Amino acid sequence: MQQPRMETDATGAGEGPQPAVPWSAWVTWQGWVHWCMCRMPRSWTQWWTTSGWRQPVQRVLWGLEGILYLLLALMLCHALFTTGSHLLSSLWPVVAAAWSHLLPAVLLLVLSALPALLFTASFLLLFSTLLSLVGLLTSMSHPGYAQDLDQ
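So in my numbering, the last one in the sequence shown is 157, and the numbering has no gaps at all.
By construction, these hints were calculated from the structure, which means they are not laboratory data.
Bear in mind that the values here come from a model prediction, so they are computed numbers and not experimental data.
All C-beta atoms in this analysis are idealised placements derived from N, C-alpha and C, irrespective of residue type, glycine included.
Errors might be hidden in some of the hints.
Unchecked claim - Taking CB as the label site, the calculated pair distances span:
#1 R65 / H40: 23 to 31 Å
#2 W35 / E71: 13 to 21 Å
#3 A102 / L130: 37 to 45 Å
#4 S49 / L86: 46 to 54 Å
#5 T34 / W98: 55 to 63 Å
#6 S91 / R45: 50 to 58 Å
#7 S118 / W98: 27 to 35 Å
#8 Q61 / S95: 49 to 57 Å
#9 M43 / S91: 50 to 58 Å
All chains, please: the whole structure from these sequences, using the hints.
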């Protein structure tokens with residue numbers, strides 16, 4: 007009977023037969039890392055696990071990310087500015103026409119409503135004065151008014 011073939015590493019220690027990996031394991035990050043680690047030479051794996059090379063690479067990547075975000079912000083500002091200027095330039099005739107037609111109409115409306123507003127204000131002032139006088143007269147004719155003043 008034939009023995010199953012053992013895969014050995016550099017020291018000769020056998021790892022045994024490798025089980026089949028389902029396709030769903032490839033979706034996870036750990037699955038990818040495991041697959042890459044199994045296929046890389048040992049010297050690359052040791053290089054990968056050392057932390058000395060990671061910080062400079064991370065700094066470069068963070069710098070690139072910052073530059074990309076800056077470019078994205080500049081492109082967004084440019085798009086908003088050009089769209090806004092086109093919108094304003096196309097709306098300017100509408101605003102000019104509304105100003106020339108609506109301003110006289112609004113002024114005429116305010117001026118025609120001014121007498122009615124003045125009449126309403128004077129009526130309310132007169133009505134509140136009369137109510138105050140009625141309240142004063144009724145409080146003066148009250149029998150306890152003189153006592154309230156003494157105290």
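Exercise. Within 13 to 21 Å or not, the Cβ separation of W35 and E71?
Worked result: Cβ of W35 to Cβ of E71: about 19 Å, so the range 13 to 21 Å holds.
For this session: Starting from the hint 55 to 63 Å, judge whether the C-beta atoms of T34 and W98 obey it.
Result: 57 Å, holds
Exercise. Is 49 to 57 Å a correct range for the gap between the Cβ atoms of Q61 and S95?
Worked result: Holds: the Cβ-Cβ distance is about 51 Å, inside 49 to 57 Å.
For this session: Mind checking the hinted window 50 to 58 Å against the Cβ distance between S91 and R45?
Result: 55 Å, holds
For this session: Starting from the hint 37 to 45 Å, judge whether the C-beta atoms of A102 and L130 obey it.
Result: 40 Å, holds
Exercise. For the pair S49 and L86, does the Cβ-Cβ distance stay inside 46 to 54 Å?
Worked result: The hint (46 to 54 Å, Cβ to Cβ) holds, given that S49 and L86 are roughly 52 Å apart.
For this session: Could you say whether the range 50 to 58 Å given as a hint is met by the Cβ separation of M43 and S91?
Result: Because 55 Å falls inside the window, the suggested range holds.
Exercise. Regarding S118 and W98, is the given constraint of 27 to 35 Å on their beta-carbon distance met?
Worked result: 30 Å, holds
For this session: Could you see if the CB distance from R65 to H40 stays within 23 to 31 Å?
Result: For R65 and H40 the Cβ distance comes to about 28 Å; the hint holds.
In summary, the structure agrees with every hint in the numbered list given earlier.
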